[in-house]
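Line by line, the protein sequences are chains D and C. For the record, in the first sequence the residue sitting at position 42 is 42 according to our numbering, with numbers rising by one throughout. For the record, in the second sequence the residue sitting at position 47 is 144 according to our numbering, with numbers rising by one throughout.
Treat the hints as calculated values from the structure; they're not laboratory data. We put the beta carbon where it would ideally sit given N, CA and C, even for glycine. Treat the hints with care, as some may be off.
[Claimed, not checked] Okay, the calculated bits of chain C under chain D, using three or more residues with CB under 8 Å as the criterion:
#, region
1, 234-240
2, 290-297
3, 311-321
[Stated by the list, open to error] Partner residues are not named here, just some residues of chain D that face chain C (Cβ under 7 Å, in silico):
#, residue
4, SER29
5, LEU30
6, ASN46
7, VAL49
8, SER65
9, HIS74
10, VAL81
11, ALA92
12, ALA95
13, ARG96
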Amino acid sequence: MTSQRPPVSLTARVLTFGSLAAAAMLSLSLVVGFAGAREIGSFVGNIGVVVLLATPVAGLIATWSELRALRPTHAWLAVAVLAVLTLATIVALAARA
Amino acid sequence: MIPLELLALLAALGAGMFGAVAGVGGGIILVPLLSVGLGVPLHNAIAVSLLGVIAVSTTAAANYLEAGLVSRRIGLTLLVSTALGGIIGGFVAGFVNARLLAALFGIVLIAVALRMLFGREPVEPATVDDLGPLEFDATYVEPRTGEEVAYRVRNFGIGSVVSVFAGMLSGLLGIGGGVINVPTMSSLMGVPIRVATTTSTYMLGATAAASAVLYFSRGEVEAALAGAVVVGSVVGARVGAWLHHLLPQRALTLIFVGVAAFFAFQMLLRALGTAA
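My request is simple: use the sequences and hints to build the entire structure.
So this is what it looks like as structure tokens:
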């Protein structure tokens with residue numbers, strides 16, 4: 001294992017962008033809802049929720065890409081967490097069906 | 098009449114600020130505030146609180162990563178367990194009635210308040226002796242002093258088992274698992290408190306996402322309420338993080354304990370069916 005620290009900037013940027021995009025959409029949904037267009041607000045809000053739920057997943061993918069060269073074992077841990085989150089989605093979809 | 102979303106926004110703002118100032122996260126105050134104070138059904142309050150946890154933790158984790166304060170090795174290892182726990186918690190919550198959840202929430206609130214009052218100081222990190230199996234040495238640069246601090250991570254097995262419970266609690270009650278993760282890492286695994294809190298924050302987003310997706314699939318996420326809570330939580334947590342250094346910690350602890358006791362009492366009354 002090398003002592004060089006793996007980069008973090010991609011993960012940080014992905015997390016920041018995802019949370020800001022979700023917050024922007026959810027804010028918009030609130031404003032639209034207050035303005036009286038509840039259905040449109042709800043639609044935009046649901047997209048914001050999905051973006052928010054996807055943000056940690058995107059962050060883990062970014063983490064994997066940053067770690068795979070310098071810390072391949074740790075990169076596999078990111079894959080393991082992604083597998084668990086995939087399982088969560090499968091359970092959620094099965095529960096919905 | 099003031100719309101519920103506006104009240105929820107203010108509640109999330111206050112809870113996010115107070116949670117960041119007291120160092121316990123906003124969810125532990127937000128869920129009873131929404132449920133007891135605003136009459137939001139408990140499952141819906143938990144669902145939107147989880148979304149608030151994701152938003153706050155992903156925003157903060159980005160900053161902590163850039164500052165080099167997160168141990169991704171520890172975080173990713175424990176995340177496998179907490180995310181699994183999050184699925185279990187989120188799944189079980191679908192079968193548990195609101196009164197039982199309220200009772201559990203009341204008990205957890207009391208436990209957290211007692212720990213804040215009488216909790217032990219975290220042990221000093223050490224790197225003596227030979228490395229055992231599943232142990233490793235690591236370092237971080239303390240931002241206040243600029244010094245590199247060495248520490249040895251141990252007890253990964255027990256830490257992972259405890260992390261499953263942290264994830265379950267997060268998924269069941271809509272609180273960040275930090276109330277368990279941080280003491281586990283700092284007291285049990287030898288991780289300095291600075292790295293324990295930042296690494297826990299890094300873990301919370303994925304942990305909460307694992308259970309929030311289950312609430313979302315059951316239709317328990319109301320988009321307008323979610324918008325109010327996410328926006329309020331993020332802004333509140335930012336303000337709280339800024340205020341944290343300005344306010345006396347002991348007074349904050351006592352205020353938190355008082356507020357937690359009040360909400361614990363309300364939640365337990367609800368569990369007994371004697372509250373609205």
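For each hint, the structure was consulted:
{"no.": "1", "hint": "234-240", "verdict": "violated (count 0)"}
{"no.": "2", "hint": "290-297", "verdict": "violated (count 0)"}
{"no.": "3", "hint": "311-321", "verdict": "holds (count 7)"}
{"no.": "4", "hint": "SER29", "verdict": "holds, 5 Å"}
{"no.": "5", "hint": "LEU30", "verdict": "holds, 4 Å"}
{"no.": "6", "hint": "ASN46", "verdict": "holds, 5 Å"}
{"no.": "7", "hint": "VAL49", "verdict": "holds, 6 Å"}
{"no.": "8", "hint": "SER65", "verdict": "violated, 13 Å"}
{"no.": "9", "hint": "HIS74", "verdict": "holds, 5 Å"}
{"no.": "10", "hint": "VAL81", "verdict": "holds, 5 Å"}
{"no.": "11", "hint": "ALA92", "verdict": "holds, 4 Å"}
{"no.": "12", "hint": "ALA95", "verdict": "holds, 6 Å"}
{"no.": "13", "hint": "ARG96", "verdict": "holds, 4 Å"}
Violated hints, in rising order: 1, 2, 8; the structure is consistent with all others.
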